[in-house]
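Please work from the sequences and hints to get the whole structure.
Given next are the chains, with one letter for each unit.
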Amino acid sequence: MAERDVVFRVKRYRPESGGKPTYQEYRIPYRDDMVVLDGLNYIKDQVDPTLTYRWSCRMGICGSCGANVNGQPRLTCGTYIRDVHRGAVTIDPLANFPILKDLVVDFDDFLEKLASVTPYIVREESTDLTKEFVQYPEDVEAYRQQSLCINCMLCYAACPVFGASPEFVGPAASALALRYIRDTRDEGSDQRLARLNTKSGVWECTFVGECSVVCPKNVDPAAAIQTLKVLATMRHMRRLLMPGAASR
Amino acid sequence: MERAAFDIVIVGGGAAGLRAAIAAAQSDLDLSIAVVSKVYPMRSHTVSAEGGTAAVLRDYDSLELHALDTIKGSDFLADQDAVEFFVARCPKEILQLDHWGCPWSRDPDGRVSQRAFGGMSVKRTVFAADKVGFHILHTLFQTSMKFENIHRFDEYFVTSLIVDGGVCAGVIAIDLRGGRLVAINGKATILATGGCGRVYEFTTNGFIKTGDGMALAYRAGVPLKDMEMVQFHPTCLPGTGILITEAARGEGGYLINKEGERYMQRYLPTKMELGPRDILSRSMIQEIKAGRAFEGPYGPYLGLDLRHLGAATIDKQLPMVRELAEKYMGLDPIHEPIPVRPGQHYMMGGVSTNSTGETTLPGLYAVGETACVSINGANRLGSNSLSECLVFGEWCGLAAAQYAKQRVAYPRGTATRETLRREEARVFDGLMGRERGKETLAGVRVEMQQLMERDVGIFRDEAGLADACGQLAKLRDRFSSVGLADKDRVFNTEMTGVLELDFMLDVAASIAHSALNRRESRGAHSRTDFPARDDANYLKHTLAYRTDGAPRIDYSPVKITKWQPVARTY
Numbered sequence: 001m002a003e004r005d006v007v008f009r010v011k012r013y014r015p016e017s018g019g020k021p022t023y024q025e026y027r028i029p030y031r032d033d034m035v036v037l038d039g040l041n042y043i044k045d046q047v048d049p050t051l052t053y054r055w056s057c058r059m060g061i062c063g064s065c066g067a068n069v070n071g072q073p074r075l076t077c078g079t080y081i082r083d084v085h086r087g088a089v090t091i092d093p094l095a096n097f098p099i100l101k102d103l104v105v106d107f108d109d110f111l112e113k114l115a116s117v118t119p120y121i122v123r124e125e126s127t128d129l130t131k132e133f134v135q136y137p138e139d140v141e142a143y144r145q146q147s148l149c150i151n152c153m154l155c156y157a158a159c160p161v162f163g164a165s166p167e168f169v170g171p172a173a174s175a176l177a178l179r180y181i182r183d184t185r186d187e188g189s190d191q192r193l194a195r196l197n198t199k200s201g202v203w204e205c206t207f208v209g210e211c212s213v214v215c216p217k218n219v220d221p222a223a224a225i226q227t228l229k230v231l232a233t234m235r236h237m238r239r240l241l242m243p244g245a246a247s248r
Numbered sequence: 001m002e003r004a005a006f007d008i009v010i011v012g013g014g015a016a017g018l019r020a021a022i023a024a025a026q027s028d029l030d031l032s033i034a035v036v037s038k039v040y041p042m043r044s045h046t047v048s049a050e051g052g053t054a055a056v057l058r059d060y061d062s063l064e065l066h067a068l069d070t071i072k073g074s075d076f077l078a079d080q081d082a083v084e085f086f087v088a089r090c091p092k093e094i095l096q097l098d099h100w101g102c103p104w105s106r107d108p109d110g111r112v113s114q115r116a117f118g119g120m121s122v123k124r125t126v127f128a129a130d131k132v133g134f135h136i137l138h139t140l141f142q143t144s145m146k147f148e149n150i151h152r153f154d155e156y157f158v159t160s161l162i163v164d165g166g167v168c169a170g171v172i173a174i175d176l177r178g179g180r181l182v183a184i185n186g187k188a189t190i191l192a193t194g195g196c197g198r199v200y201e202f203t204t205n206g207f208i209k210t211g212d213g214m215a216l217a218y219r220a221g222v223p224l225k226d227m228e229m230v231q232f233h234p235t236c237l238p239g240t241g242i243l244i245t246e247a248a249r250g251e252g253g254y255l256i257n258k259e260g261e262r263y264m265q266r267y268l269p270t271k272m273e274l275g276p277r278d279i280l281s282r283s284m285i286q287e288i289k290a291g292r293a294f295e296g297p298y299g300p301y302l303g304l305d306l307r308h309l310g311a312a313t314i315d316k317q318l319p320m321v322r323e324l325a326e327k328y329m330g331l332d333p334i335h336e337p338i339p340v341r342p343g344q345h346y347m348m349g350g351v352s353t354n355s356t357g358e359t360t361l362p363g364l365y366a367v368g369e370t371a372c373v374s375i376n377g378a379n380r381l382g383s384n385s386l387s388e389c390l391v392f393g394e395w396c397g398l399a400a401a402q403y404a405k406q407r408v409a410y411p412r413g414t415a416t417r418e419t420l421r422r423e424e425a426r427v428f429d430g431l432m433g434r435e436r437g438k439e440t441l442a443g444v445r446v447e448m449q450q451l452m453e454r455d456v457g458i459f460r461d462e463a464g465l466a467d468a469c470g471q472l473a474k475l476r477d478r479f480s481s482v483g484l485a486d487k488d489r490v491f492n493t494e495m496t497g498v499l500e501l502d503f504m505l506d507v508a509a510s511i512a513h514s515a516l517n518r519r520e521s522r523g524a525h526s527r528t529d530f531p532a533r534d535d536a537n538y539l540k541h542t543l544a545y546r547t548d549g550a551p552r553i554d555y556s557p558v559k560i561t562k563w564q565p566v567a568r569t570y
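Quick note, the sequences are listed as chains A and B, same order. Heads up, the first sequence is in our numbering, so the first residue is 1 and it goes up one at a time. Heads up, the second sequence is in our numbering, so the first residue is 1 and it goes up one at a time.
Hints should not be assumed to be uniformly reliable.
Short, incomplete list of chain B residues facing chain A, as computed with Cβ under 10 Å [to be verified]:
hint, residue
1, ASN149
2, GLY179
3, VAL182
4, LYS487
5, THR493
Because the hints were derived from the structure by calculation, they are not lab data. Yeah, the Cβ is synthetic: ideal placement off N, Cα and C, and Gly gets one too.
See the structure below:
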């Protein structure tokens, strides 16, 4: 495979050296089968060991290696250099998150939001652990799409609402809330919808839809949020019409 | 925080670590549990497991048969009491995960589906499409959020165990964001850091699989068991090493050579593509040597042919296989065979433990791929490892909880502060102070990986192994002059890279020396100079102990309950 050169323009930020984030340019050789992550690894191993970024699985499932590539949130392990370079590839940390160092950003806020939507099965009564639930293939299909979220945070980096209002629960946490609401084994919809029917909940979303565009796993959080708006409204109406009635 | 104390400290947030954390947390809400991970837990390498997790759930199957398949697969090196314990507890874990919301694939009648897997006599492997590890990990991680007594230390890199008066008292870790060392004391400590695939050049393992837990225990005097038993998975994408799941063959996929022939008929006609991994990987190498492989930019490869399965089956049962083939090979498996070759995948060996995860160091436990109980012996069957993480994760979590409750006092501060000072001197004053010279981190790492690949791979012999042992000792010397360019304390991944290489050099030496000393062929350990299994001399576990020089090799007996070793024929 023929090797050519490409310039990686990488955002650098080193808190201990002070100062503002700046771009550093690296000219590196690449082949057509190299992804952006391969380029970063080449720089780390051969050129500049101080370059800092996260990665692990290099197969698009661990969610570690997200970055803004030419302004678009992408998994660097799934983005071929040949597809994005125009002489240069510009790599920034994922937008909308605090930068810790170079391309490494802080996701702790997301984990708190995820915890806030009760991301686990809730059941009123204890169930018989010696039996499996009956769940038909179509029942699994109902929540499968949302269950595919790898928490890569590309959707948050793409979301202008999250950028402007960091308290917004955001696309991935919303999609995962819907994932449990749609699970026939779960009875916790009410508390999730109560959480999402708040100022920082799904009503913040103005349906820009960028989250679904950048999602590498086709989770479609934008559609999930619209569904949650409907469900939250229905819950609200039900509570007005039938006070005291438990809603599932 | 310079020092915190918990009842249980768990290193690693993959399936084994999280299952242990939940078991302990649930057993007593007053117990405090720390999960210390060098990555956010949902990044753990469990996420990459694809094909499934084994359990006896149907009338056509039996615990006896699962045990026998596992023991035969292990080439009789598994401890049979541990295997019996394991198979009996697998079904409960599947149901437990069902109750925690794992999206298992289902049959039309609403029951959990099961598929065929290599070396399993019947359809026994439970799955969630072909993203089983991903779904198990996220189910466990999200479920762990329910427990207020589980405290996470995300992105804390453990550098050392704390040992106080012959008892493990927790860990020293670098808080990567704060760039400082902290002591996390525990009455009990569980190592659940997974495998060490990155000691090899061509591996399915993620970048983070550097044997940290194995090395931590090894350095504290705990032996590593059966480290020569390294699993090579037959179907990895050339170039990257990305895994294509065995479920592709479980669903009916063929392996073909360049003549389009299903070449397994030459090696294992009764099982064909559903033989155990050690046999399949060796068969591939033999096909390559016979000149019947395809040639590609990354060397010879064979074909994994799914075309006859059809689009519907591929999309429903193997969506990730299609996704990976399209993304990383630029081909659609509905229309073209996938290029594959064997690559390092899993460590049967690991920190020597008993069935409850106890090591020889009181207060220290190990579980999952990090540990060697041993249920996998000389060759693990596909889909037994996720089950192992779940079964022994729970059991180890409960055992550690029991142990912690019996110990009234938290570890004392003296040994902890002393270890913290020692690690500060070693890591931040020592390693970080080293200037860059002619040895580089990447240079030493790549040489280690290449020599392991060449001399401690699928086929081995005395000369190659002896050479590898010598080369590893030289690399250890050269490692001491690897310097660092990054002098910042915050999120210093060059520093963690050096610490990981330090761990890997220890682990690699234990693998090479264990392999050199086992002069027979058994399971995944194939000696061309000793091609037969030798029960008279080697029906025993290897134990590698760390010394200042070469590892000291010792042995321990294999526990046989009711299956006497016989020739392993299929």
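To see whether the hints hold, each was checked on the structure:
no., hint, in the structure
1, ASN149, "violated, 14 Å"
2, GLY179, "holds, 8 Å"
3, VAL182, "violated, 17 Å"
4, LYS487, "holds, 9 Å"
5, THR493, "holds, 5 Å"
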